[in-house]
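2 protein chains.
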Amino acid sequence: MKQWRKTGPLFTDLYELTMAQCYFTENIRDEAAFSLFVRGYPKNRSYYVCAGLEEALAEILDYTFSDDDLAYLEKTGLFTADFLGYLSGFRFTGTIRSMPEGALFFADEPIMEVTAPIIESQLLETFLINTIGFSSLIATKAARCVHAAAGRNIVDFSLRRNQGADAGLKVARSSYIAGFGATSNVLAGKRYGIPVSGTMAHSFVSIYENEYDAFSAFAKNYPDTTVLLIDTHDTIEGAKNAARIGVEMKKRGKTLVGVRLDSGNMAALSRDVRKILDNAGLADAKIFASSGFDEYKIARVIEQNAAIDAFGVGTKLGVSADAPYLDMVYKLVHFGARNITKQSPGKEYLAGEKQVFRKTGDNGMYAGDIIGRKEESFDNAVPMLETIVEKGKIVAKMPGLENIREYFAQCFAKLDEPYKDIANPSPYPVSVSRSLLKMQTSHT
Amino acid sequence: MKQWRKTGPLFTDLYELTMAQCYFTENIRDEAAFSLFVRGYPKNRSYYVCAGLEEALAEILDYTFSDDDLAYLEKTGLFTADFLGYLSGFRFTGTIRSMPEGALFFADEPIMEVTAPIIESQLLETFLINTIGFSSLIATKAARCVHAAAGRNIVDFSLRRNQGADAGLKVARSSYIAGFGATSNVLAGKRYGIPVSGTMAHSFVSIYENEYDAFSAFAKNYPDTTVLLIDTHDTIEGAKNAARIGVEMKKRGKTLVGVRLDSGNMAALSRDVRKILDNAGLADAKIFASSGFDEYKIARVIEQNAAIDAFGVGTKLGVSADAPYLDMVYKLVHFGARNITKQSPGKEYLAGEKQVFRKTGDNGMYAGDIIGRKEESFDNAVPMLETIVEKGKIVAKMPGLENIREYFAQCFAKLDEPYKDIANPSPYPVSVSRSLLKMQTSHT
Chain A
1033 MKQWRKTGPL FTDLYELTMA QCYFTENIRD EAAFSLFVRG YPKNRSYYVC AGLEEALAEI
1093 LDYTFSDDDL AYLEKTGLFT ADFLGYLSGF RFTGTIRSMP EGALFFADEP IMEVTAPIIE
1153 SQLLETFLIN TIGFSSLIAT KAARCVHAAA GRNIVDFSLR RNQGADAGLK VARSSYIAGF
1213 GATSNVLAGK RYGIPVSGTM AHSFVSIYEN EYDAFSAFAK NYPDTTVLLI DTHDTIEGAK
1273 NAARIGVEMK KRGKTLVGVR LDSGNMAALS RDVRKILDNA GLADAKIFAS SGFDEYKIAR
1333 VIEQNAAIDA FGVGTKLGVS ADAPYLDMVY KLVHFGARNI TKQSPGKEYL AGEKQVFRKT
1393 GDNGMYAGDI IGRKEESFDN AVPMLETIVE KGKIVAKMPG LENIREYFAQ CFAKLDEPYK
1453 DIANPSPYPV SVSRSLLKMQ TSHT
Chain B
1033 MKQWRKTGPL FTDLYELTMA QCYFTENIRD EAAFSLFVRG YPKNRSYYVC AGLEEALAEI
1093 LDYTFSDDDL AYLEKTGLFT ADFLGYLSGF RFTGTIRSMP EGALFFADEP IMEVTAPIIE
1153 SQLLETFLIN TIGFSSLIAT KAARCVHAAA GRNIVDFSLR RNQGADAGLK VARSSYIAGF
1213 GATSNVLAGK RYGIPVSGTM AHSFVSIYEN EYDAFSAFAK NYPDTTVLLI DTHDTIEGAK
1273 NAARIGVEMK KRGKTLVGVR LDSGNMAALS RDVRKILDNA GLADAKIFAS SGFDEYKIAR
1333 VIEQNAAIDA FGVGTKLGVS ADAPYLDMVY KLVHFGARNI TKQSPGKEYL AGEKQVFRKT
1393 GDNGMYAGDI IGRKEESFDN AVPMLETIVE KGKIVAKMPG LENIREYFAQ CFAKLDEPYK
1453 DIANPSPYPV SVSRSLLKMQ TSHT
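As given, the protein sequences belong to chains A and B, one line each in that order. Quick note, the first sequence lines up with residues 1033 to 1476 if you use our numbering. Quick note, the second sequence lines up with residues 1033 to 1476 if you use our numbering.
It cannot be assumed that every hint is accurate.
Which copy? The list can't say, so a pair holds if one copy fits it or any two copies do.
[Unchecked claim] Cross-link-like lysine-lysine pairs, in silico, BS3-like; alpha carbons within 27 Å at most:
1) Lys1379 with Lys1307
2) Lys1379 with Lys1222
3) Lys1318 with Lys1379
4) Lys1423 with Lys1391
5) Lys1286 with Lys1272
6) Lys1406 with Lys1329
7) Lys1307 with Lys1423
8) Lys1307 with Lys1391
To be clear, the hints were calculated from the coordinates, so they are not data collected in a lab. From a predicted model like this one, the values you see are computed outputs, not experimental measurements.
Just chain A, with the same shape it has in the complex (with noise of 0.2 Å):
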């Protein structure tokens, strides 16, 4: 069992709270249907990766309300006595249909809708966009590195530079379902199960009165785990040191797994370091490189010829850097007996229910979405939207790490590569059925 880091029903916008106060006391309980999606695309982008769910309900269908909780929301003076005893007994009782983590998903598409007694499907706005937004927003991201490095390694090298220690695990565990190898956050590895990776800093070469005495050192302590980070004073001569370690390793029947670089002329450098290792017979120790890597740079040292064979990528992954938020909206889209749109200028969705369909060519790639009515069916499309809770209890099986990896791994090879491409990507087939159409002017 997971142990996820549970921020409790105050993790909120206070709105939803006032809301749910009116319509407690003006005795509103119908059920609401609230669809989950991203409105549109930021730059260079043409598919996201759903993330996050499994968190998601494990947070949801757990939410109580303590007496602290209470306390603080009585002290407020926003809220009725009887409001609050309500509250004291809060549990989500309602209905959710979600895509599976690791699924891809298009603008517009619902990737979850909720169904349930209004306050109750109101209430988990706030927590669902910001936990599936920002676990989808990264393993999107991870997504675009891992098909830049066409098949090389990547580990996520950037718990340092996450937006707070929450969003350490979310991309540790994003960008894990997105292909990478490994991690080097240490609770991530533990939480997680995901394997964890790491070299040296420049500090530990730095105390040492030369760098071969470093390495050396690391080398004792590491006979099987090594890599050296080669640029803290001259990346050439410091490969020319590795290599040294490397033969002396070697004569102890041990390996040099690698080296690192971490700055300079990435393509260059990588080469000539190439040249050092395989010259002194050492022609299995990896190149790992580091350093503002992003899909961009990494496609840029590969056109580069770039003798690099795995990637840490940090900052521009963990946060997300060209891209560092979706426009991630939770709509209500059926209210009671009707079909609810909002008109705002700008911020029109489609009402109703809603069902996304997936078509699959002849030749096994993706060939299509369909957004319908949540009741239709089409003839070879997959309905990608699975009840996963109902009466807030969950009734699918829910899908191991390894697993969500696999499942998108398999879907990511559906998707051809024009959709994947980083800078100039052409935009994926979504269509709008005939009958959801139509439902939106009827506003049934």
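Since the structure of chain A is provided, determine the placement of chain B on it from the hints.
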């Protein structure tokens, strides 16, 4: 006492622990001093605001490896039993000198220096950068928004877009330090005592047959704190409905606090809405605006004579969208008897333990900083780093959140306008003392 969410010492990069293992085996226990600073500025920045210190201390002075943690580390196969035994008794025993929270700081200035046996001081790296880096990033972004708003109130609406749960808490606290008036984040309200604020969502308006009924229900429940969201259908019609409600409330001896605009041309709409409210005799009703605001949009609508009294700032504050990370680093500057500097190309920094001296001019405004040696002193210049931890214990009085907020306001008032410009700020003068410069070449 604050309930900080502790992460524990596994919230770190693996290499901090593998280096520590080497130091342990090699019996390297010398004192090492590390400097925490930011290299350069993201675009449009010319100052930073220090935040996150209280939380950082709460965590690191309490670092203990649980049995669970140690069992996990053992399972990785990377650590010796002796070293794990050492970790089981680990506590931080060193000295920390730091700028106070709320202080301004500038590129390359140490905002913290940590001195301790190298295993201890090295181990803090990841957590300190993560916590103080992100908190300072957001405090800086928030200060820019507050400056742009020129006295108008601002509320943190970013929770749903924050990068995870912990970021939500840090953003609320950091933006409050920088002068925000409230947050929508209820948990941050409870934890830190920050005022909470909120209005209503579009969904609330949508579930009623008409907007007037929705407004009426809300006003009935919140006779003293109602702010009506008026753009669900049409902002001008919404303003008229809100005015009708305001007039009715007045008759009941109550007051409509205001209305909120959330779409459309904010400057033009706000003036039209102002007229509608004024004509109804509701000159006291405030106009709040939200949707995509940051310092740039705030400045723009004020320039366009918007009749906006307060701003809800969300996404772009919450992830510091135009600059989502700082290049904060934690560098070894002194080890044993040696000053240390790394020489990788493009990554040079100043060796030696340091102090930052801030000069104030005759007009009471900041006149420039000097980065000097720890032992130096300068006339008319105040040392900014204070000793706050000695032998692993807090030895300074830690200010409360309100005091930090007030201290920031005092500091910010002493920074001349050209340095605060949000689009084209002047570089603040920071020099390096002769003595510190000399130390760089002598390496003693």
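A quick look at each hint next to the structure:
When the C-alpha separation of lysine 1379 and lysine 1307 is checked against a cutoff of 27 Å, the pair qualifies only between copies, where the shortest distance is 25 Å, while the shortest distance within a copy is 57 Å. In this assembly of identical chains, the alpha carbons of lysine 1379 and lysine 1222 never lie at most 27 Å apart, being 42 Å within a copy and 32 Å across copies at closest. In this homomeric assembly, lysine 1318 and lysine 1379 come within 27 Å of each other (Cα to Cα) only across copies, at 24 Å, whereas the closest approach inside a single copy is 50 Å. In this assembly of identical chains, the alpha carbons of lysine 1423 and lysine 1391 never lie at most 27 Å apart, being 31 Å within a copy and 65 Å across copies at closest.
Taking the shortest Cα distances, lysine 1286 and lysine 1272 sit within 27 Å of each other inside one copy (18 Å), while across copies they are farther apart (80 Å). With identical chains, the CA atoms of lysine 1406 and lysine 1329 are never at most 27 Å apart, being 42 Å at best within one copy and 39 Å at best between copies. In this assembly of identical chains, lysine 1307 and lysine 1423 lie within 27 Å of each other by CA distance neither inside one copy nor across copies; the values are 63 Å within and 49 Å between. For the homomeric pair lysine 1307 and lysine 1391, neither the shortest alpha-carbon distance inside one copy (49 Å) nor that between copies (53 Å) is at most 27 Å.
Comparing the model with each numbered hint stated earlier shows that hints 2, 4, 6, 7, 8 do not hold.
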